[in-house]
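Colleague: Once you've looked at the hints, dock chains B and C against the given chain A.
Residue numbers (my numbering), protein chains in the order written: chain A, 48 to 525; chain B, 45 to 481; chain C, 224 to 485.
Examples of chain B residues toward chain A, derived with CB under 7 Å:
| no. | residue |
| --- | --- |
| 1 | S399 |
| 2 | R402 |
| 3 | T405 |
| 4 | E410 |
| 5 | I411 |
| 6 | D415 |
| 7 | C418 |
| 8 | A419 |
| 9 | H420 |
Looking from chain A toward chain B, a few residues come up when the C-beta cut is under 10 Å (computed):
| no. | residue |
| --- | --- |
| 10 | W114 |
| 11 | S408 |
| 12 | Y416 |
| 13 | V420 |
| 14 | N431 |
| 15 | S433 |
| 16 | C444 |
| 17 | P450 |
| 18 | N457 |
| 19 | A459 |
| 20 | K460 |
| 21 | V461 |
| 22 | T467 |
| 23 | K469 |
Just so you know, the hints here were simulated from the structure itself, not pulled from any lab data.
A virtual CB, placed ideally from N, CA and C, is assigned to each residue, including glycine.
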Amino acid sequence: MGAVLQNLINKPYEHGFVTDIESDVAPKGLNEDTIRLISSKKNEPEWLLDFRLKAYQKWLTMEEPEWSNVRYPKIDFQAISYYSSPKPKKKLASMDEVDPELLRTFEKLGVPMSERAALAGVAVDVIFDSVSVATTYKKKLAEVGIIFGSFTEAVHSHPDLIKKYLGSVVPVGDNYYAALNSAVFTDGSFCYIPKGVKCPMDLSTYFRINTEESGQFERTLIIAEEGSSVSYLEGCTAPRFDTNQLHAAVVELVAMDNADIKYSTVQNWYAGDENGIGGIYNFVTKRGLAKGKNSRISWTQVETGSAITWKYPSCVLQGDNSVGEFYSVAVTNNYQQADTGTKMIHIGKNTRSTIVSKGISAGHSNNSYRGLVRIAPTAAGARNFSQCDSMLIGDLCSASTFPYIQTRNNSAKVEHEASTSKIGEDQLFYFAQRGIGSEEAVSMIINGFCKDVFQQLPMEFAVEATNLLGLKLEGSVG
Amino acid sequence: MSVGADSKSLKNLLQGQSQLSASPLDRVNQLRTNAVNQVNILNLPTKHDEDWRFTDISPLTKISFQPVREASPLKNSDVEHFYLTEAVTRLVFIDGIYAPHLSTQIAEPFKKSGVVVSSLAAASSENLAAIESHLGYHTELQDNIFAALNTSFLHEGALIIVPRNISVETPIHLLFIATQKEVSSHPRCLLIAEPNSRVTVIEDYVTLREETYITNTVAEFALADSAHVDHVRIQRDSKEAFHIANCSVSLAQKSNYQSVSIAFGARISRYNLNVLLKGEGAECTADGLALISNRQLADTHACIDHIKPHCTSHQLHKCIIDDAAHAVFNGKIIVRPDAQLTNSTQSNRNLLLTSKARIDTKPQLEIFADDVKCAHGATIGQLDNEEIFYLKSRGLSEVTARDLLTYAFGAEVIERIPVASLKLRLEQVVHKQTQRD
Amino acid sequence: MIYQDSKTLLKIRGLCATVNNSEILKGIDLTIKSGEIHAIMGTNGSGKSTLAKVLAGHTSYEITGGTVDFEGKNLFDLAPEERARAGIFLGFQYPIEIPGVANNQFLRLAFNTAQVQQNKDELDPLEFDDLVREKMKLLEMNPDFLDRSVNENFSGGEKKRNEILQMSLLDPKIAILDETDSGLDIDALRIVSNGVNQLANKDNATILVTHYQRMLNYIVPDYVHVMDSGRIVKTGGKELALDLEKHGYDWVNIEKTAAVGA
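In isolation and in its complexed conformation, chain A is listed as follows (with noise of 0.2 Å):
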């Protein structure tokens, strides 16, 4: 069997590309100047300078951190370039309008987004680096009152609402990396549903990461209004490069009273060569606050790119029986490196959380769950269930499991399991016999894996996740 999962991990990647606009870059290197450089050039009102030169000093005083399960050489902060846009065009109203270099990209990524957009009914705020391009189906949501657009946008559109929740949820020094972002960040997208509206289609944006060693710092901030729903879709692809690139995005969400925000990733930035040179450093702070009683919020992650994943999407379940989710799917190849999981803080009463983390790892790589659990003593009756999988293909790769679960109420309950797998030369042999080739055995059995991950995801990007895992594990059979 070895041979043939050899073969079937280890399929190139398809989305290595640099498509050529050209993009005004700021000099290398992070200080204070930087940092008013980065605002002017978006027009930024003075407390949001301040809020990020607040953020840069709080930052100066933190070290990175190191005790997840990644290793990497040591990022220069100096040596990272914090800004680059495409150079300003002119407005758009339609994708007619959108440089042609730009959609092919899009094309070449399977992402026709003129398409999917009309046919699935997604509105699709394009980042493209780190300024929006063109947003579409804005009007419609308008109609009922939904602000979905660029981060940028909303600071000068909606600047008490930006003001209000920025660094609500994910304080500027809550750790290293959202300090970093707090201070740098470019852009991001801005979401904002009204009381009593339940968004009516799914709302995605589409990342890339585009420009040579630009760090990329993304600020996303969905506000869910008391008796809301909305189901928001991040998707990311990014082109081959040699150096390693930072990405360090922050996301914040608000649930009030019976609100409920469902936030789904796929993510497939490069993750460095076979032989583990290059990629994407990810590392990402996401934070839902259930603020309200009866709020629910729910975070489905697919990861498999990025040469180093370190992401906890995480829930605090401050109203009363509020909910939170996290099921993920983090796929490892070559010499990848994630940690990822999450944070379930339960402090209403009657609090439930939900954990599904599958973790497959393949070749050189090492994939680790840490999740936390947390019930504050004001919990009373919280439940908390965390099924945590591994499932390992070939034995140079590894997989951890670092739970930790900290109970001061008595009326709680909490339940942990995890357990590990693999993809037994038995299990390809009855495929086999049933005239079923390795290839397609081997996707079905991974799909068959996480099934209780990919049903929590939007169709379409069901299917996208789906091919996704295929992409990274599939390839011709020797």
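Modeller: What follows is chains B and C alone, placed relative to chain A:
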């Protein structure tokens, strides 16, 4: 905790070390010197150390502990209630000092066949080679200040050697009795089970007075090919005491280590169990129960390290936490690249009896081989309402039903102790502690 | 049933195979023609299950000698999945569990792979559902089977029925049923045997690998072969199975020894 406080308390803990007389065993003297160096390099752990994150041992630094100068003069009648009927062979240590008049020799036929049960200091010359090749080799002193401290005071201790193909039928009782206030003792055990041998060892920590003292133990168990060892560890120290323990177990091919560890006592206790499955086909079971109340803290750190293929390990650790007590469990299973066909399970179940009780648990898996079966689980919760209802439907009162189920929760681990009289005695303790008033 | 104008499906000559360097098959000669039902009997360790797995192409076994001709082709040139697609079906003694993969999904993929092989149309999920439910009735299987993971938490009898269901869907040229009767109660044995009988026709062949005679009460073999220590030591008609039942396997060995002595 400041660095100043550390060094001060360390000086306290090392007090009297320099007055130790040189051991006739070179190995012992050499180990002591290394250990003292380690103690001088290391700091007392604080909550900033990942391994001590939930266990604050700063109270330890507030008391000045003295080494025991003189053993309490105890008679059999003072302590015989601790004796176990099955365990005809017994080594008794009072505040860490060997008490030959309370101890009993191994039966003559076993002695003839080479079984050794004695104080380490009294080891005869024919056992030197075995001691030289095992003592101190199974315990890592790096980053382990308590093991280093114990080794600094290495002097007496329990030595058990079971030669090849010998099966010792009756259990061996190692009884450590605390009698004095504000003293430190550093009990040491070394068990060498030669190929295809078999023995049951009870490591038993008891007290005559509810005082503050520190017991800091190190046990080393070396199991050769196909050896079988049953290890029962009972910690029923004073509820004011500190109990720190390190136990390292090394398993050769097809050897089998079965252990049950019970923690009732101590204000703060910490048990580090490290099992290395070094030979193919080795098996290990490591079960535990912590039953604590008031402001007790019981911390168990177990690391089961699978190095070779075809090994099996199973662990069930339970905690019953009453009042404002705090239990900590950290269970790590490592499966090394070579350890294919490992079968390992770990389960941690916790029962919080009050709203002030607290549990921090971290069951971990680190897997580097693909053809393995590993599973772990942790649960925290209360008694099952269905079970309570069932018992009530049979006429039991709510309180009785709860007591019964709490007792049953703990008894599941006690049940696994292979010594009947001890089992009975511990069942009574659990029974008493799980009755609400 | 033996037919006059039948064609040879499988021709095994001098087949030798080892596992972990220990020799299990020591020269097997066997010819299977269309329409025939063969029973291969023998004690545990006689090599009969190995023969079944070797024919299906299990990677744990190394072929050290002999030839196997399948419809004019060298069987050893075909990968396991190619053998399956060419019409060799192995009913496993211990069907493996595949958690997460739904039975209906698996059955449909296997079925459609075979359809494509035979230049027939693939069935969509709805069409396939109708077909599979029809087949399941034959085997008195609960439709719940379809939604469960392949063999996961199936009882022994359920697993064996699932094997025969697959056989009925794939319509193989040669079905090798390895200890299909083991673990079946009397009702299940009858149902499974009926299934096998209904599938047998003049164009295909069945090889029953079994320790006991009891399945042969339901499926009547044309030939019975007795294996011992990696060889076929005796071949006869269906009455040979009854003799074995009556006298035990030692009887064959005694006969064999006597024959060698003579």
